[in-house]
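Peer 1: Here's the letter readout for the chains.
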Amino acid sequence: MFFRMIKGALFRQKSKMIMIAVTIALGSSLATAMLNIMLDVGDKVNQELKAYGANITVVPKENSVLDSLYDLDDGSETAAAHLKEEDLGKIKTIFWGFNILDFTPFVNTAVTLSDGSTAKLTGTWFNHHLALNTGEELDAGIHSLRSWWEIKNGQWLDEQKESIPANGALIGSALAERLGVNTGDTIEVKTAKGSQSLQIAGIYDAGGDEDEQLFTLLPVAQELAVAKGLIDSIEVSALTTPDNELARKAATKGPAALSPADYETWYCTAYVSSICYQIQEAIPDSVASAVRQVAESEGTILDKTQLLMILITILSLFGSALGISNLVTASVMERSNEIGLLKAIGARDYRISGIVLTEIMITAVVGGVAGYFMGYGFAQIIGHTVFASSIEMKPMVIPLVAVLIVIVTLAGSIPAIRMLLRLRPAEVLHGR
Amino acid sequence: MKKQTMFLRMITASLLRRRSRMLVALLAIAVGATILSGLVTIYYDVPRQMGEQFRSYGANMIFTSSNGGTLSEEALNQAKEQIKENQLVGFAPYRYENITVNERPMMAAATDFDGAAKTSPYWRIDGSWPSQPGEALVGKETAQTLALNTGDKVTLTFDLDKKPATADEAANAERNQNNREFSVVGILDTGGNEEKYIFISTEDMEGLTGKSDSFDMAELSVSASQNELKSYADSISKKTDGVSARLVKRVTQSENTVLSKLQALVLLVTVIVLLLTMICVATTMMAVVTERRKEVGLRKALGASNRSIIVEFMGEGLLLGGIGGLLGSLCGFIFAQAVSMNVFNSSIQFHWLLIPVTVLVSVLVTGLSCLLPVRSATDVDPALVLKGE
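The listed protein sequences correspond, in order, to chains A and B. Counting with the working numbering, you get residues 1 to 432 for the letters of the first sequence. Counting with the working numbering, you get residues 1001 to 1389 for the letters of the second sequence.
Calculated directly from the structure, the hints in this document are not laboratory data. Just so you know, not all the hints are guaranteed correct.
[To be verified] What the simulated footprint calls covered on chain B by chain A, stretch by stretch (three residues with Cβ under 8 Å from a Cβ of chain A suffice, anywhere in the stretch; the number is not a length):
(1) 1111-1119
(2) 1251-1263
(3) 1297-1306
(4) 1310-1322
[As the list claims (entries may be wrong)] Examples of chain A residues toward chain B, derived with CB under 7 Å:
(5) Met19
(6) Ala51
(7) Lys249
(8) Lys253
(9) Ala290
(10) Ile301
(11) Leu302
(12) Leu308
(13) Gly319
(14) Leu322
(15) Glu334
(16) Glu338
(17) Tyr376
(18) Gln380
(19) Ile382
Values in this document were obtained by computation on a predicted structure and should not be read as measured data. Think of the CB as a built atom: it goes at the ideal place given N, C-alpha and C, for glycine as much as any other residue.
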């Protein structure tokens, strides 16, 4: 009898039940979409913030402060320390290797140009193909670390393209203007170690000091400046977790000052300081330090964005919860006649509540499931339009949304049912 | 006159007598309106507020000399004044000089520390910012090289002839030099080139070098969009003699990229949330009105015209929509303000235009969602409606 009544209600009052299901579906899709976006927005914005370039620099341990000042003066090297090119791949093998998005080595030297003036020449990777010992293969280079560069003329260098000459170089817009050179021209550069003609592949506008520089392929600069296989510094772009108390403590007092449990937590969290520490472990005789301008600001922006999204999510959860419970209340109240009739023919209160609740719960489950998939669609639409990548659907959202829908539906129907049960059947049927 | 009073009485009576149902409807509308006004306020204010957060990346505009010489304070101030005061977050002029510490060449930078703290909020200082004359901030690398700690003294030497000393001269101390002792109050950690410098105040630098009013560059942190910054830079370079303003592309370009993404995110979220909430409001209103099909039938049986029934229901709906919309715009503002205080620690700019817009939208949504069920009820024969089919 119970099931027949429910079946009857579900099928005979089809349009009413469909409306409830639709509203619940909308509410649950809103909750699903917002929760998923909220949980993923940190990662997505973190990726976007990589536009600011490297957040970690690695230099040799004994690097003297003075070389940049000396270099420009006479072009000769003081006995500065160097890192080894062969160690570069090890960056990807650290605990948080997966979080290392890109890295590139640098060799800097001052060169004398044909007109007698000096300029800074930097050798680096542009799109270097790297095969690691672990069998992993990856492309690394400066391209994503200088996202703000605008190539005004010509093209980016690319080691993997056949058409790029071995002595190709990019020249800063200010320097190009001063020398009056253009794409395709060759210029002679000289250092104490020899000379080389560079073919200009492109002119870039960096909007800073780098506009006065030349960038070329790593082997060319190594020959002119140091020796094969040696590099001056490495820039690393890593996905990091914003610093908290623990990370600050580790950064100021050193990891040794942490208790073993804290150390474990710190080491296994992607703080910029722990990634620096792991890079130092992986690359012999190196000092890795956070670029404060990028690392610190990243934390601020990430925290703010996440907090903003959390609050917006709370508002929309609140909105969808009220929307659902409102409709449920309205639709239960609408059935005062039916409930009055049931009471009049002698149904017990709990039977009546049971019937109404089961009906609404069945509708809610159908609506909720449909809503989850709708929400999935909304989240992906937002992910693809804004970040051009899909939003990861976290499994933990499913129970959250389910619990939300159940609580909200119950909260919407129980007070209404109780109110109707309190009424006297004669009055209700009379239509008051 | 009589007709209107009757109309009003019918509306208010139906609202008051059916209190619980009307409360449900009103709540639904108010929630919808809250979300509308709250999210739209946030959407409009996010670029400004987030833009301020992005200022933690530091200077986004620099002034340099356009003729290769130095900049005078007057020219700098003249250039600075062209930027709206409420957009200028920080301004710090810099002057660099080669100095020596125990015959070791070093670079000293003079700046206004209050300004530098604003243009470079990411500087981490172990110790404190210099506040007195004779105090210096030393970059981490230099501090390591010179084995300096906070509280130590360091003597900076400026060679007025700008020549390295020959061994003879050094031995006989026959050099045209200025010496000054500074106490180190802070060690600067930035992870960048700043770690190589020794920072002192502009006045101390004047005392050390005997030359005043000459700056090499100035850093500015301006809270404005990339296009606005470009037009500032152009007009400053044109209008002010000797000053060339340039954008720090790394900061402006990246900020543009990230900020536009964030704004698009909030926009899309707002649109989707609004769309879904409005449908929710509409379904609730429809449920509330559908319940009254019998009333419609009864009235029709008593001889009311379709038009008068629709007008009455619409009047009710519009009244509810108006009240709900007003309530919602208030709650929405409170919500937006709470978000702004929590996230950005600053109060939000409220757009007064949003109140009429919110009320209008709520009235429209309620009106539409009342119209559909009432029309379907009036279209049917009253006998059928009253019978409940």
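Peer 1: Quick one: see if chain A covers the stretch 1251-1263 of chain B, three-plus residues with Cβ-Cβ under 8 Å.
Peer 2: holds (count 8)
Peer 1: Would the hint on A/Met19 be counted as holding, given a Cβ-Cβ threshold of 7 Å to chain B?
Peer 2: The hint holds - A/Met19 has a Cβ within 7 Å of chain B, the shortest such distance being about 5 Å.
Peer 1: Hint A/Leu308 vs chain B: min CB-CB distance below 7 Å?
Peer 2: At about 5 Å, which falls below the 7 Å cut-off, the nearest Cβ of chain B leaves the hint on A/Leu308 intact, so it holds.
Peer 1: Given A/Leu302 as an interface hint, is the shortest Cβ-Cβ distance to chain B below 7 Å?
Peer 2: violated (10 Å)
Peer 1: Examine the stretch 1297-1306 of chain B: at least three residues should have C-beta closer than 8 Å to a C-beta of chain A.
Peer 2: violated (count 0)
Peer 1: For the hint on A/Ile382, does the least C-beta distance to chain B fall short of 7 Å?
Peer 2: It holds, given that the least Cβ distance between A/Ile382 and chain B is near 5 Å, below 7 Å.
Peer 1: So is the stretch 1111-1119 of chain B in contact with chain A by the C-beta rule, three or more residues under 8 Å, or is the coverage claim wrong?
Peer 2: Contact hint for the stretch 1111-1119 of chain B vs chain A: violated, 0 residues under 8 Å.
Peer 1: Tell me if A/Lys253 is really an interface residue toward chain B, meaning its C-beta lies closer than 7 Å to one of theirs.
Peer 2: violated (11 Å)
Peer 1: Grab the minimum C-beta distance from A/Ala51 to chain B and call the hint holds if it beats 7 Å, violated otherwise.
Peer 2: This hint holds: A/Ala51 lies near chain B, its Cβ roughly 4 Å from the closest one there, short of 7 Å.
Peer 1: Quick check on the hint: A/Leu322 CB to chain B CB, less than 7 Å?
Peer 2: holds (5 Å)
Peer 1: Can A/Ala290 be said to touch chain B, with a Cβ gap under 7 Å?
Peer 2: Since chain B brings a Cβ to about 5 Å from A/Ala290, closer than 7 Å, the hint holds.
Peer 1: Would you say the stretch 1310-1322 of chain B counts as covered by chain A, given the rule of at least 3 residues with C-beta under 8 Å?
Peer 2: violated (count 0)
Violated hints, in rising order: 1, 3, 4, 7, 8, 11, 16, 17, 18; the structure is consistent with all others.
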